[in-house]
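J.: Going down the list, the protein sequences come from chains A and B.
Taken in order, the first sequence gives residues 4 to 223; the numbers are from the numbering used here.
Taken in order, the second sequence gives residues 4 to 223; the numbers are from the numbering used here.
FYI, nobody ran anything at the bench for these hints, they're computed from the structure.
Keep in mind it's a predicted model, so treat the numbers as computed, not measured.
Ideal Cβ placement from N, Cα and C applies to all residues, glycine included.
One or more hints might be untrue.
[As the list claims (entries may be wrong)] According to the in silico footprint, chain A covers these stretches of chain B (three or more CB under 8 Å from chain A): (1) 8 to 21; (2) 64 to 71; (3) 112 to 121; (4) 142 to 148.
[Claimed, not checked] In the DSS-like style, the derived pairs of lysine-lysine whose C-alpha atoms are separated by at most 27 Å in a straight line are: (5) 213(A) to 117(A); (6) 213(A) to 103(A); (7) 117(B) to 117(A); (8) 178(A) to 150(B); (9) 150(B) to 150(A); (10) 150(B) to 17(A); (11) 150(A) to 178(B); (12) 24(A) to 117(A); (13) 116(A) to 19(B).
2 protein chains.
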Amino acid sequence: MRPELSDFFPVWDKLKNEERKILLESAEMRHSQAGEMIHNGSEGCEGLLCLVSGQLRAFILSEEGREISIYRLLEGDICLFSASCMMSGIQFDIFVEAEKTSSYFVIPASVYKKIMEESAVLANFTNELMAARMSYVMWLIGQILWKGFDRRLASFLLEESAMDGTDDLYITHEKIADHLGTAREVVTRMLRYFQSEGLVQLSRSHIVLKKREGLEKLAG
Amino acid sequence: MRPELSDFFPVWDKLKNEERKILLESAEMRHSQAGEMIHNGSEGCEGLLCLVSGQLRAFILSEEGREISIYRLLEGDICLFSASCMMSGIQFDIFVEAEKTSSYFVIPASVYKKIMEESAVLANFTNELMAARMSYVMWLIGQILWKGFDRRLASFLLEESAMDGTDDLYITHEKIADHLGTAREVVTRMLRYFQSEGLVQLSRSHIVLKKREGLEKLAG
Numbered sequence: 004m005r006p007e008l009s010d011f012f013p014v015w016d017k018l019k020n021e022e023r024k025i026l027l028e029s030a031e032m033r034h035s036q037a038g039e040m041i042h043n044g045s046e047g048c049e050g051l052l053c054l055v056s057g058q059l060r061a062f063i064l065s066e067e068g069r070e071i072s073i074y075r076l077l078e079g080d081i082c083l084f085s086a087s088c089m090m091s092g093i094q095f096d097i098f099v100e101a102e103k104t105s106s107y108f109v110i111p112a113s114v115y116k117k118i119m120e121e122s123a124v125l126a127n128f129t130n131e132l133m134a135a136r137m138s139y140v141m142w143l144i145g146q147i148l149w150k151g152f153d154r155r156l157a158s159f160l161l162e163e164s165a166m167d168g169t170d171d172l173y174i175t176h177e178k179i180a181d182h183l184g185t186a187r188e189v190v191t192r193m194l195r196y197f198q199s200e201g202l203v204q205l206s207r208s209h210i211v212l213k214k215r216e217g218l219e220k221l222a223g
Numbered sequence: 004m005r006p007e008l009s010d011f012f013p014v015w016d017k018l019k020n021e022e023r024k025i026l027l028e029s030a031e032m033r034h035s036q037a038g039e040m041i042h043n044g045s046e047g048c049e050g051l052l053c054l055v056s057g058q059l060r061a062f063i064l065s066e067e068g069r070e071i072s073i074y075r076l077l078e079g080d081i082c083l084f085s086a087s088c089m090m091s092g093i094q095f096d097i098f099v100e101a102e103k104t105s106s107y108f109v110i111p112a113s114v115y116k117k118i119m120e121e122s123a124v125l126a127n128f129t130n131e132l133m134a135a136r137m138s139y140v141m142w143l144i145g146q147i148l149w150k151g152f153d154r155r156l157a158s159f160l161l162e163e164s165a166m167d168g169t170d171d172l173y174i175t176h177e178k179i180a181d182h183l184g185t186a187r188e189v190v191t192r193m194l195r196y197f198q199s200e201g202l203v204q205l206s207r208s209h210i211v212l213k214k215r216e217g218l219e220k221l222a223g
């Protein structure tokens, strides 16, 4: 069963009738093809995205155009930072793209902000959302700083495999580099090393996980 | 003039009389010596810290005990994450220590949480605080990933110098490594390179900035 708008908000029953009505009336269902950019840094402020189906990816960009994935959004998740204009404290540019064909509700930032300003319930819920994202980002810093790239890459391959439910990954080295914030050459070199260890089998835009336990041991 | 409790909250006038009264009555002034640990990861949940004077440092720890500074708190700043028990979404362990002898108000987490649950004003203010910290952390990720260590070290020396208002920095290489999330040897090597370029002059636990414009150019 596809989630309803109310399913995204555990505090739905604590909102006022009027607030629920406004949210329901303003939320618009949209669809994006895999690869489509949904939110483009500081350009525009679409609103909150509530992902009904598919998969989204939020990432930041370096001045040189290098990417790193900040988080993935799966069915039932809410993307807050695509409504960055809602809060003056949000001073970073985030990009959101559809990784898979996706359907999602969009709640306009102005509507959500207006309700949040009056409703302690919605403001506290938003606080919790932000705290959860913050926690993930703090974890990510530790990974980048203190976990070797071999471990990060092994973790990434296992996560991809778990999300797609298969050991056959169709993804380019370039894409992996974008996820992990590094250069394509670095990914290619490490994947070749994995292959020489019998952990994966490589072919064009295709990686087969051959020895999961080896990857899991590496990922730690 | 030292800040009053109300000075920490731009929304003070929008709070109810009763809420202001509870905050004033529950806030306790505390003092810490330089080097003292104020908040210790998941142990305890002191509450919000409102820094009246001095300087605090918030950092995270790797499993191997390596540190990286997440942010610095200066006079007038509020530390939210020392009250992490307030929000279930906060799932990371942060440590807070006094970098200089410091005086600060402590608002118990339970008191703050109770008001925030009722008050949209306070909840939205807390949202903005968290968004600002999140923005800083996102910037930090970009620095770690995409800015070379020479640039990060040059920026750090200039920031230290600006904060202390002097070109004479009394800080160990170990301390700098803790700030920047790296090993002491890496700091020592780079500082020696800076010295060979005439940018700094090194002696035991003492670094003198000799060529600010050179460091600024490097910091970018």
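J.: Need the list of violated hint numbers for this structure, in ascending order.
T.: Numbers 1, 5, 10, in rising order.
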